[in-house]
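Number of protein chains: 2
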Amino acid sequence: MPQTLLKCTRCRASYPLDMAALRCGECKSPLIVEYPLGGQARAGPQPPGWVGSPIPLPIRYPSSFVSLGEGNTPCVALSAVGEILGLAKLHAKLEFINPTGSFKDRGTAIMLSMAKELGVDEIVEDSSGNAGASIAAYAARSGIKAHIFVPASAPAAKIQQIRVYGAETHLIEGPREAASQAAEEFCSENSLVYASHNLSPYFIEGTKAFAYEVSAQFGPDLPQHMVMPVGNGSLFIGTWKGFQELQMAGRVATLPRLHPVQAEAVMPIVAACQEIDWAPGPGARTIAGGISVGDPPRKQEVLHVLRSTQGTAVAVADPAILRWQRLLAEREGVYCEPTSAAAFAGLEALMETGAIQKGDTVLIPVTGFGLKDVPPL
Amino acid sequence: MPQTLLKCTRCRASYPLDMAALRCGECKSPLIVEYPLGGQARAGPQPPGWVGSPIPLPIRYPSSFVSLGEGNTPCVALSAVGEILGLAKLHAKLEFINPTGSFKDRGTAIMLSMAKELGVDEIVEDSSGNAGASIAAYAARSGIKAHIFVPASAPAAKIQQIRVYGAETHLIEGPREAASQAAEEFCSENSLVYASHNLSPYFIEGTKAFAYEVSAQFGPDLPQHMVMPVGNGSLFIGTWKGFQELQMAGRVATLPRLHPVQAEAVMPIVAACQEIDWAPGPGARTIAGGISVGDPPRKQEVLHVLRSTQGTAVAVADPAILRWQRLLAEREGVYCEPTSAAAFAGLEALMETGAIQKGDTVLIPVTGFGLKDVPPL
Chain P
1 MPQTLLKCTR CRASYPLDMA ALRCGECKSP LIVEYPLGGQ ARAGPQPPGW
51 VGSPIPLPIR YPSSFVSLGE GNTPCVALSA VGEILGLAKL HAKLEFINPT
101 GSFKDRGTAI MLSMAKELGV DEIVEDSSGN AGASIAAYAA RSGIKAHIFV
151 PASAPAAKIQ QIRVYGAETH LIEGPREAAS QAAEEFCSEN SLVYASHNLS
201 PYFIEGTKAF AYEVSAQFGP DLPQHMVMPV GNGSLFIGTW KGFQELQMAG
251 RVATLPRLHP VQAEAVMPIV AACQEIDWAP GPGARTIAGG ISVGDPPRKQ
301 EVLHVLRSTQ GTAVAVADPA ILRWQRLLAE REGVYCEPTS AAAFAGLEAL
351 METGAIQKGD TVLIPVTGFG LKDVPPL
Chain A
1 MPQTLLKCTR CRASYPLDMA ALRCGECKSP LIVEYPLGGQ ARAGPQPPGW
51 VGSPIPLPIR YPSSFVSLGE GNTPCVALSA VGEILGLAKL HAKLEFINPT
101 GSFKDRGTAI MLSMAKELGV DEIVEDSSGN AGASIAAYAA RSGIKAHIFV
151 PASAPAAKIQ QIRVYGAETH LIEGPREAAS QAAEEFCSEN SLVYASHNLS
201 PYFIEGTKAF AYEVSAQFGP DLPQHMVMPV GNGSLFIGTW KGFQELQMAG
251 RVATLPRLHP VQAEAVMPIV AACQEIDWAP GPGARTIAGG ISVGDPPRKQ
301 EVLHVLRSTQ GTAVAVADPA ILRWQRLLAE REGVYCEPTS AAAFAGLEAL
351 METGAIQKGD TVLIPVTGFG LKDVPPL
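First to last, the protein sequences are chains P and A. Take the first sequence: its position 54, counting from 1, is numbered 54 in the numbering used here, and each next residue is one higher. Take the second sequence: its position 324, counting from 1, is numbered 324 in the numbering used here, and each next residue is one higher.
Same shape as in the complex, but just chain P:
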């Protein structure tokens, strides 16, 4: 009988489901979950409270699910902001309305459910803040001990949130990458599982539910464009994987164009698309902490997704991000963090270049709550 397996995203080598497997043993590329018959044979147990059509998941036992009721987020029209842009059909899916205040809860729920199912009782993670808080919360709920490695420069509210959930919090000086390195070293030294939200294939199995909900909310006429902030790309890749599954099941015809938005100071995806010679400078900084990722491990997958959906990568400056953060709060009552506002600055840029036209339908996920970051005052 065919099994659900982990597959290398590059050389297609396959591996059994495991919490420790994060990269291909052959070519070191990241892994992804692959289901027999593309998941169409049998979706398996569904998370508690899931109201959509069945979603293929790697969980075998219903008792493994760790859930705080994540997902099922509202989709609202943004008419005031749309008017500023001259865009009549602009929608936002409010992903910050999640148990820890960011879309990460979708990925965390499935990653921690797998950890529980596989008997893992202690994990290590590194995060600029949102994923750390999310993993700390779900670890608390499942009784798994969590070590979270965080850049010491992360917003105080995010660091406090991680601590409140009772995770062991390790503050690491230096750039974002220093936290990843410290986490990996700590795992090796203590023989612990590195539950990296950037690398874990299960995290993407959680974020893909976003696509299923968009499909349920929009019906057969999906938005023509989705504009997303992209750091490590877990929502970007997950959305695409979800749409791929829905397309295989005959429930989605044309996929939206997926456009990744980055900050000008940290733009590895944009540089790769435009074939610019770019490397993060030592002082490269952006107020959009969630997309401040100089060398995302799943970069090749992000590039594959944007090329296959005919998306355009775009980089935006911090003042534009801050301007859109304020506009969203003052004109729509949507208080998001700078990373989320970057997508709107990106939308503006994509309209200026003509990649998105005034009559098009656009959907933007608003990924994180403004309460978790420095207020734009």
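Simulated from the structure, these hints should not be mistaken for laboratory data. Since the model is a prediction, treat every value here as computed from it, not as a measurement. Among the clues, some could well be false.
Not everything, but these chain P residues come out facing chain A in the computed CB check (under 10 Å) [unchecked claim]:
| hint | residue |
| --- | --- |
| 1 | Ser64 |
| 2 | Ser67 |
| 3 | Asn72 |
| 4 | Thr73 |
| 5 | Ala77 |
| 6 | Ala80 |
| 7 | Ile84 |
| 8 | Leu94 |
| 9 | Gly101 |
| 10 | Ala133 |
| 11 | Arg163 |
| 12 | Val164 |
| 13 | Ala249 |
| 14 | Ala329 |
| 15 | Arg331 |
| 16 | Glu348 |
From the three backbone atoms N, C-alpha and C, an ideal C-beta is built for every residue, glycine too.
Dock chain A against the given chain P, drawing on the hints supplied.
Chain A only, in chain P's frame:
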């Protein structure tokens, strides 16, 4: 043809729907919305995204709705906290998973929709923080100018949130009541509408959706007990009004017992129940800012609800509140504000007195996000 009207909660005098009508012209008691035939004739337009069974609302035109996708919150089992209490059937409805991080968004959405329908373009409100942030957000979304009067001692995160939405924020020194007084004076001086969430009958029309969702999530076997933090009682009264409507429609048999929880330092409801001679002292303070209300205008209604459902009012101390706030975060991954944690301290007290038994089913609304208050570190 019978009309939807405002009715005095005491003398039953009736008034047409109006934004300025907050108290009975005869006896000065608060008002409530009353529908022809108890709302069973025709529910009228429903909010965008509302998935439950039709809910009677005072809105006449679908275009009046101001919504950020509030409500539709998850209900989760709390097995770890239940185990601490020896309670096998403890559930939480995570009301902080709302667009501005608190249950207030339910009430605000309907109150601001009425304001829009009735052509109001500028409102005044006073709040300890959560309602202010909520009203600031929905006012921003509807293009209505908002003045929010806040105690200067409110948590910085809540004051910042109100400002981010672009509301004019008036910080008032002194106790909570000083902010109400300043707001009422400002209304008189400037001939503005006082959109008080404590008094507006429309706010309760929004919070009552909580009962409809509980009914949909639990089916005919409602929880035996609901334990709620009560300051002004808008969720407490709204829940009861919702259950009353459902009972009239034959969709609910036995109502849960509704137990209000207050802080020992500010306990007008508890004092009235226990016939204790109590008045707020000049320095009366609790970390539970949302229930720090010395003289709630709808006190008689709260007392009526708890008596008619055979509830028990209970007061809890700040150290117990803080302890439960930490336990919820560390054992369940639920990061709430102190006001919400008070309900769990109250549950513990109600079990000690025997008002709630170990085999009973209990539901607690977790009303506000911990991110909005001082972290319990």
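>> Interface hint check: P/Ala329, Cβ to nearest Cβ on chain A, cutoff 10 Å. Holds or violated?
In response: Hint on P/Ala329: holds, closest Cβ of chain A at ~5 Å, below 10 Å.
> Given P/Val164 as an interface hint, is the shortest Cβ-Cβ distance to chain A below 10 Å?
Replying inline: Result: holds, 5 Å to nearest chain A Cβ.
>> A closest beta-carbon separation below 10 Å is what the hint needs, so does P/Arg331 meet it against chain A?
In response: 6 Å, holds
>> Min Cβ distance, P/Arg163 to chain A: is it shorter than 10 Å?
In response: Cβ of P/Arg163 sits 6 Å from chain A, so the hint holds.
> Given P/Ser67 as an interface hint, is the shortest Cβ-Cβ distance to chain A below 10 Å?
Replying inline: 7 Å, holds
> If you take the shortest Cβ to Cβ gap from P/Ser64 to chain A, is it below 10 Å?
Replying inline: Violated, because the Cβ-Cβ distance from P/Ser64 to chain A comes to roughly 14 Å (cut-off 10 Å).
>> Just to be careful: measuring from the Cβ of P/Asn72 to every Cβ in chain A, is the smallest value less than 10 Å?
In response: Result: holds, 7 Å to nearest chain A Cβ.
> For the hint on P/Thr73, does the least C-beta distance to chain A fall short of 10 Å?
Replying inline: Where the cut-off is 10 Å and the nearest Cβ of chain A is about 7 Å from P/Thr73, the hint holds.
> Holds or violated: is the Cβ of P/Ala77 closer than 10 Å to a Cβ in chain A?
Replying inline: 8 Å, holds
>> Given a cut of 10 Å on the nearest C-beta pair, is the interface hint for P/Ala80 held or broken against chain A?
In response: Holds, because the Cβ-Cβ distance from P/Ala80 to chain A comes to roughly 7 Å (cut-off 10 Å).
> Given P/Ala249 was flagged as interface, is its beta-carbon under 10 Å from a beta-carbon of chain A?
Replying inline: 23 Å, violated
>> Next item in the hint list is P/Ala133. Is there a CB on chain A closer than 10 Å to its CB?
In response: 8 Å, holds
Comparing the model with each numbered hint stated earlier shows that hints 1, 7, 13 and 16 do not hold.
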